[in-house]
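Q: Sequence:
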Amino acid sequence: MRIDNISRRGVLKGIAGLSGLVLSGYLTPGRSAFWTEAQAAADTVWEPNLFVSIAEDGTVTIVAHRSEMGQGARTSLPMLVADELEADWNRVKITQATGDPKYGSQNTDGSRSIRRHYISMRQMGAVARHMLEAAAAKEWGVDASECEARNHEVVHKSSGKKIGFGDLVKTASALPVPKPEDVTLKDPKQFRYIGKDMQIVDMDDITHGRAIYGIDVVVPGMKYVSLERCPVLFGKPKSYDASAALAVPGVEKVVEIPSITPPAAFKAWGGIAVVANNTWAAQEGRKKLKIDWDPGPNASYNTPGYKTALIETSHQTGHVMRKEGDANKALEGAARVIEADYYIPHASHAQMEPPCAVAQFDGDKLEIWGPTQRPQAARKALAGALGIPEENITVHITLLGGGFGRKSKADFMVEAALLAREVGAPVKLTWTREDDMRHGYYHSVSAQYMKAGLDDNGKTTSWLHRTVFPSIGATFNAETKKAIGVEMGMGFVDVPFDIPNILLENGEAEAHVRIGWVRSVANIYHAFASSSFADELAHAAGKDPVEYLLELLGQPRILDLAAVGVEKYWNYGDPVDKYPIQTGRLSHVVKV
Numbered sequence: 001m002r003i004d005n006i007s008r009r010g011v012l013k014g015i016a017g018l019s020g021l022v023l024s025g026y027l028t029p030g031r032s033a034f035w036t037e038a039q040a041a042a043d044t045v046w047e048p049n050l051f052v053s054i055a056e057d058g059t060v061t062i063v064a065h066r067s068e069m070g071q072g073a074r075t076s077l078p079m080l081v082a083d084e085l086e087a088d089w090n091r092v093k094i095t096q097a098t099g100d101p102k103y104g105s106q107n108t109d110g111s112r113s114i115r116r117h118y119i120s121m122r123q124m125g126a127v128a129r130h131m132l133e134a135a136a137a138k139e140w141g142v143d144a145s146e147c148e149a150r151n152h153e154v155v156h157k158s159s160g161k162k163i164g165f166g167d168l169v170k171t172a173s174a175l176p177v178p179k180p181e182d183v184t185l186k187d188p189k190q191f192r193y194i195g196k197d198m199q200i201v202d203m204d205d206i207t208h209g210r211a212i213y214g215i216d217v218v219v220p221g222m223k224y225v226s227l228e229r230c231p232v233l234f235g236k237p238k239s240y241d242a243s244a245a246l247a248v249p250g251v252e253k254v255v256e257i258p259s260i261t262p263p264a265a266f267k268a269w270g271g272i273a274v275v276a277n278n279t280w281a282a283q284e285g286r287k288k289l290k291i292d293w294d295p296g297p298n299a300s301y302n303t304p305g306y307k308t309a310l311i312e313t314s315h316q317t318g319h320v321m322r323k324e325g326d327a328n329k330a331l332e333g334a335a336r337v338i339e340a341d342y343y344i345p346h347a348s349h350a351q352m353e354p355p356c357a358v359a360q361f362d363g364d365k366l367e368i369w370g371p372t373q374r375p376q377a378a379r380k381a382l383a384g385a386l387g388i389p390e391e392n393i394t395v396h397i398t399l400l401g402g403g404f405g406r407k408s409k410a411d412f413m414v415e416a417a418l419l420a421r422e423v424g425a426p427v428k429l430t431w432t433r434e435d436d437m438r439h440g441y442y443h444s445v446s447a448q449y450m451k452a453g454l455d456d457n458g459k460t461t462s463w464l465h466r467t468v469f470p471s472i473g474a475t476f477n478a479e480t481k482k483a484i485g486v487e488m489g490m491g492f493v494d495v496p497f498d499i500p501n502i503l504l505e506n507g508e509a510e511a512h513v514r515i516g517w518v519r520s521v522a523n524i525y526h527a528f529a530s531s532s533f534a535d536e537l538a539h540a541a542g543k544d545p546v547e548y549l550l551e552l553l554g555q556p557r558i559l560d561l562a563a564v565g566v567e568k569y570w571n572y573g574d575p576v577d578k579y580p581i582q583t584g585r586l587s588h589v590v591k592v
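Numbering of the sequence shown is given in our numbering, commencing with residue 1 and proceeding in unit increments.
Watch out, some of these pointers could steer you wrong.
Stated by the list, open to error - EDC-like, lysine to aspartate or glutamate: derived pairs with alpha carbons at most 16 Å apart:
1. Lys288 to Glu252
2. Lys162 to Glu139
3. Lys162 to Asp187
4. Lys451 to Glu312
Said to hold, decoys possible - Label-pair restraints from in silico Cβ distances:
5. Arg150 to Ile200: 22 to 28 Å
6. Trp280 to Lys238: 25 to 31 Å
7. Glu252 to Ala299: 31 to 37 Å
8. Gly565 to Ser145: 53 to 59 Å
9. Val142 to Gln190: 19 to 25 Å
10. Lys170 to Gly195: 21 to 27 Å
11. Asp364 to Thr207: 36 to 42 Å
12. Thr207 to Trp280: 25 to 31 Å
No lab work stands behind these hints: they were computed from the structure.
Just so you know, even glycine gets a beta-carbon here, dropped at the ideal spot from N, CA and C.
Using the sequences provided together with the hints, build the complete structure.
A: Listed below in structure tokens is the structure:
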């Protein structure tokens, strides 16, 4: 059974022609949106490992275990497998993995899909290639070294005999599977796809409106839900009147789901949900709800007052995160002292596709579809919220209409699941654009205080940087007021300037909204402040900004951050054990 999803262009044509009927394609429960024909006959398919299967008709199916949100992961990772396998790309089908620990990390963030899986994905293909070559050798009664996989066939090098992958399936399936680390990978000179110009596999469907995003998923008997949430984090309804909402044609019921409590984590925000037989009715009914809110502990939070508080804190001594030399003493003896404040407001992810999910229960088992960057984390959050085992939950990953870190949080999927259980039918929950802007996981607001001392020649002799912002850690531990390691290791403690006296401090800040990661995370405000300040120092010293930056970087040397007070940090999400940092690390600068 295939998905025949009417294209967006088709919808527009239908509207233009005053067509009275638009039929949506159904996504069959229990099957991924990227289910392939090769999976239809499991008894004819050989699976040498989790990521590769080959059918007797020669179809190669490769599992993509990371999420596709426009970066090409659903093409590039299978491409690594196919290249090592020597598969004909035109005979490769790609299927999307569900969220499951068996696939290793499925957390699609930090530009790490290729960095972390370049070798392992190649090994998956190489294992299958090795076994196909061994199977051909057995068929021909020759040594495996005489056989070589080439473009979906195995060739006997001396005689030129060939046999297709599909014809080797039965023989290969009876052979022992070698360890991935024991197989030989290709020489890069032999690459057919890696490093080559390849079109992403979803391009045709995306450009013609056939691609299945979270917002496109439909299952039989599905209800549509729109959820009114308290405007303030940790607020809750005191009372509500749903009579006007229930009078809207198409509205079937109004239900309440529990309001969020600290810590926020990936919990459902909660609120009053309007359930209807179409999206328009659900959203219209929601507008007519009359709710008396208890705004809770964050009622007084406002931007101007919080900005003032952050800046004031940044002007006070904070927790020392790195100390090299004596910056305060050097500042006292400096020929000239330069100070600057930088303020960076909250930022919303504002991805094109707002959060959305479809949830369906069958007894005590949940099946859910959604645009998630972290399906395993979603599965865990769902299990915790519903009180059922993770094994009872199937998370299907659709294409993501943008992610940027927002869709690594599973709160919207938890909302859909709770509502499906409450309603007793499959539900589709779609956030509006307004919901997305009001109730997201915001990139942190911050105040950055900079102070530097210059000598008579304009050379920087001391550098003081204080960073103050509500931490991502507060989303998972409401008592957190200091920055956590991953935030410190993003453009702050690892500043690469070769300055003799450096003092880096972190001031405390309380979170009043859900703080989440956005692309580059803390690098955004740390790099903005330090780079802007370096430019200001160049201006004060009367020097060219590029030349001054090179002067700040100095000569290459490796610093042991542990020796200068850095307790623990992460570099781009990866743990750093010995905390080294290299100065002078820009090999060249191009003037524009």
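Q: Determine for every hint whether it applies to the structure shown.
A: Going through the hints against the structure:
Taken as a hint, the Lys288 and Glu252 pair is honoured in the structure, with Cα atoms around 14 Å apart against an allowance of 16 Å. With a CA separation close to 11 Å, the supplied pair Lys162 and Glu139 stays within the 16 Å bound. Proposed proximity of Lys162 and Asp187 is contradicted: the alpha carbons are some 22 Å apart, above 16 Å. Pair hint Lys451 plus Glu312 holds up; C-alpha atoms about 15 Å apart against a cutoff of 16 Å.
The beta-carbon spacing between Arg150 and Ile200, approximately 25 Å, falls within the hinted interval of 22 to 28 Å. Between Trp280 and Lys238 the CB atoms are about 29 Å apart, so this pair conforms to the stated range of 25 to 31 Å. About 33 Å separates the C-beta atoms of Glu252 and Ala299, a value consistent with the hinted range of 31 to 37 Å. Against the hinted window of 53 to 59 Å, the Cβ-Cβ separation of Gly565 and Ser145 comes to about 57 Å, which satisfies the hint.
Hint check: Val142 to Gln190, Cβ distance near 22 Å, so the stated range 19 to 25 Å holds. With their beta carbons about 34 Å apart, Lys170 and Gly195 fall outside the hinted range of 21 to 27 Å. Under the hint 36 to 42 Å, the C-beta atoms of Asp364 and Thr207, about 41 Å apart, fit the expected range. Checked against the given bound of 25 to 31 Å, the beta carbons of Thr207 and Trp280, roughly 28 Å apart, stay inside it.
Checked against the numbered hints given earlier, this structure breaks hints 3, 10; the rest are met.
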